[in-house]
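Line order of the protein sequences matches chains A and B. For the first sequence, our numbering begins at 1 and goes up steadily by one. For the second sequence, our numbering begins at 336 and goes up steadily by one.
It should be emphasised that the hints constitute simulated quantities derived from the structure, not laboratory data. Keep in mind that the hints are not guaranteed to be accurate.
[What the hints assert, rightly or not] Below, computed lysine-lysine pairings styled on DSS-like, alpha-carbon distance capped at 27 Å:
| # | chain 1 | residue 1 | chain 2 | residue 2 |
| --- | --- | --- | --- | --- |
| 1 | A | LYS79 | A | LYS278 |
| 2 | B | LYS436 | A | LYS101 |
| 3 | A | LYS130 | B | LYS436 |
| 4 | B | LYS436 | A | LYS118 |
| 5 | A | LYS21 | A | LYS130 |
| 6 | B | LYS356 | B | LYS395 |
| 7 | B | LYS453 | B | LYS473 |
| 8 | B | LYS398 | B | LYS465 |
| 9 | B | LYS620 | A | LYS278 |
| 10 | B | LYS453 | A | LYS101 |
| 11 | A | LYS285 | B | LYS613 |
| 12 | A | LYS101 | A | LYS138 |
| 13 | A | LYS21 | B | LYS395 |
| 14 | A | LYS130 | B | LYS465 |
| 15 | B | LYS414 | B | LYS453 |
| 16 | A | LYS130 | A | LYS79 |
| 17 | B | LYS356 | A | LYS130 |
| 18 | B | LYS395 | B | LYS473 |
| 19 | A | LYS60 | A | LYS130 |
| 20 | B | LYS451 | B | LYS436 |
| 21 | B | LYS465 | A | LYS101 |
| 22 | B | LYS613 | B | LYS473 |
| 23 | B | LYS356 | B | LYS414 |
| 24 | B | LYS613 | A | LYS278 |
| 25 | B | LYS500 | B | LYS414 |
2 protein chains.
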Amino acid sequence: MQIVGPYLLFIGDATDALSIKMARGVADFRPELCIGEMQVEGCTVTTGLPQLTIAEGVAKGAKTFVLGFANSGGVLDPKWHPYILEALAAGMDVVSGLHEKMSDVPELAQAAAANKVKLLDIRHPDGEFKTGTAVPRKGKRLLTIGTDCSVGKMYTSLSLEKAMKDQNMDVDFRATGQCGILIAGQGVAIDCVISDFISGATESLSPDNNEQHWDIIEGQGSLSHPAFAGVSMGLLHGSQPDALVICHALNRHHMRGLPHTAFPSLQETIALNLQAAKLTNPNVKVAGIAVNTSSVSVEEGRAICQQISDELSLPCVDPVRDGCDAIVERLTQEF
Amino acid sequence: MQIVGPYLLFIGDATDALSIKMARGVADFRPELCIGEMQVEGCTVTTGLPQLTIAEGVAKGAKTFVLGFANSGGVLDPKWHPYILEALAAGMDVVSGLHEKMSDVPELAQAAAANKVKLLDIRHPDGEFKTGTAVPRKGKRLLTIGTDCSVGKMYTSLSLEKAMKDQNMDVDFRATGQCGILIAGQGVAIDCVISDFISGATESLSPDNNEQHWDIIEGQGSLSHPAFAGVSMGLLHGSQPDALVICHALNRHHMRGLPHTAFPSLQETIALNLQAAKLTNPNVKVAGIAVNTSSVSVEEGRAICQQISDELSLPCVDPVRDGCDAIVERLTQEF
Chain A
1 MQIVGPYLLF
11 IGDATDALSI
21 KMARGVADFR
31 PELCIGEMQV
41 EGCTVTTGLP
51 QLTIAEGVAK
61 GAKTFVLGFA
71 NSGGVLDPKW
81 HPYILEALAA
91 GMDVVSGLHE
101 KMSDVPELAQ
111 AAAANKVKLL
121 DIRHPDGEFK
131 TGTAVPRKGK
141 RLLTIGTDCS
151 VGKMYTSLSL
161 EKAMKDQNMD
171 VDFRATGQCG
181 ILIAGQGVAI
191 DCVISDFISG
201 ATESLSPDNN
211 EQHWDIIEGQ
221 GSLSHPAFAG
231 VSMGLLHGSQ
241 PDALVICHAL
251 NRHHMRGLPH
261 TAFPSLQETI
271 ALNLQAAKLT
281 NPNVKVAGIA
291 VNTSSVSVEE
301 GRAICQQISD
311 ELSLPCVDPV
321 RDGCDAIVER
331 LTQEF
Chain B
336 MQIVGPYLLF
346 IGDATDALSI
356 KMARGVADFR
366 PELCIGEMQV
376 EGCTVTTGLP
386 QLTIAEGVAK
396 GAKTFVLGFA
406 NSGGVLDPKW
416 HPYILEALAA
426 GMDVVSGLHE
436 KMSDVPELAQ
446 AAAANKVKLL
456 DIRHPDGEFK
466 TGTAVPRKGK
476 RLLTIGTDCS
486 VGKMYTSLSL
496 EKAMKDQNMD
506 VDFRATGQCG
516 ILIAGQGVAI
526 DCVISDFISG
536 ATESLSPDNN
546 EQHWDIIEGQ
556 GSLSHPAFAG
566 VSMGLLHGSQ
576 PDALVICHAL
586 NRHHMRGLPH
596 TAFPSLQETI
606 ALNLQAAKLT
616 NPNVKVAGIA
626 VNTSSVSVEE
636 GRAICQQISD
646 ELSLPCVDPV
656 RDGCDAIVER
666 LTQEF
């Protein structure tokens, strides 16, 4: 699966900034991929991109129409069908990260076939995966792992990729969630893979490469999250990471969505992940810590990062506020 | 999903005893569920059950026609369609544990609908699962876990259930693989669940129950197997086990299918699984060790079990040769 840019981002009638996370992610990280945004009446949020109709987007070169909004059930509301049909008729592929598949709607499937364009339901991996083999692969791999879900693993991965590219390093971001896939144009929504194939699908995501090449693999979930640790474990084993970057958000007191659960310390998170990662790469090491400090002031955030860095003898940054150069410096020196 | 007994076991033209593991499993563990066996020309193996045609099976009360064979690709060969159609026309449900779904073959789906019977593709879970919550559930749970895949977790689980029933304990076997599902008449093929829902599906498999009730949950894979540890981890967290029984097979030197991998010790397996299990049940303990000693003599096997028992201060049995009474005794005393 390859998503062809540039994109026209459709955000419908969204009124919640969080619900257009997918559109904002790609607008922030790949502005060169985004021709414009399209809203309908009632929409109160924006990515800040220019407003375009489908016809205008196509005229400006858009190749893919992106449903850039989400909702709690992942439902594809039939009210969006006319917009999808219009985009298909105009010759664009259409991307959706919703749970309900466009390709399961006969009218949409027929229109895509008739116009020789694609419906890309990126939450539903279309590959035939194999079970993992744990055979070592060439090249270097970094996996972002989390103390919890939603602590900034994708943002950290992309920030690392950017810092490494700035230093002319040979690097690829490997996406494992729908936002990341839209940004990378390819990838595997790993939590949507049949569980037998978690590590095998991850192996296929970062294949053999040049000795000096880095794959920056987007982590998912957390080994300490009772709902998602299975995904995190398979992703860790399949990635065979040389380097782990631990992602954390300040002021969490329980695992996301589960108020009755305990939150692990950074030390516990490091120990647990190194232990598990050694099964497929005995030389794995931690390269640094990335902390989302947005809940405190810049000064307080910097002081906390410095304290963590001193305690763990590792570079510690807020990728949003400070970038990932300090971690990349460690990578170039010690990996 | 509920598989209705009794069964007529169809083993086709199988020539390899391992390929009819599903038929043999149910014939061994639930003989009262099995009316008979049906072969076609070329078949050289048997479960030992009486040979019956579909008409004879129905006349004797068979409610479900079971495809009791497997093949490496999980392919549903079209040569079996006529037999499935005959069974459907005779009013039987049909069960398959193959990867290719019967319900994806229009002719079979139509025949099932026309005869108001079911096609049960038990390798494909049909439930709508939720993500795990880790909310503690009432009742007691035992999970069989393995040093490796295919070390006897299902056999041990069923042997434990039998020993507990013999003592009039309130117990249910909870199946997580297709052989187990056929034996139990229900369950979830956990390695076929979308990875986001591994622990959630496991939670639904062993719901709240009476304080003295035991669920014996069939384990899958191994935390030390790089292909399947994600499944094992989600199953462990979702099970919230009070008791673990460690299953092991003698004379393994690497993880199944992966000659380049190391094999864990029993001590390592215990430590790794207790650590992970404590996330959802801090009171988890090991109740005993089950060893497949079939590769050595009975005397040698008993000596090895005794040695393991002495070293670990836990009951250690070969469930096939000795049954699981020693482990059940520990359960009744200490859990």
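*When the hints from earlier in the document are held up against this structure, which numbers fail?*
1, 5, 7, 8, 12, 13, 16, 18, 19, 25
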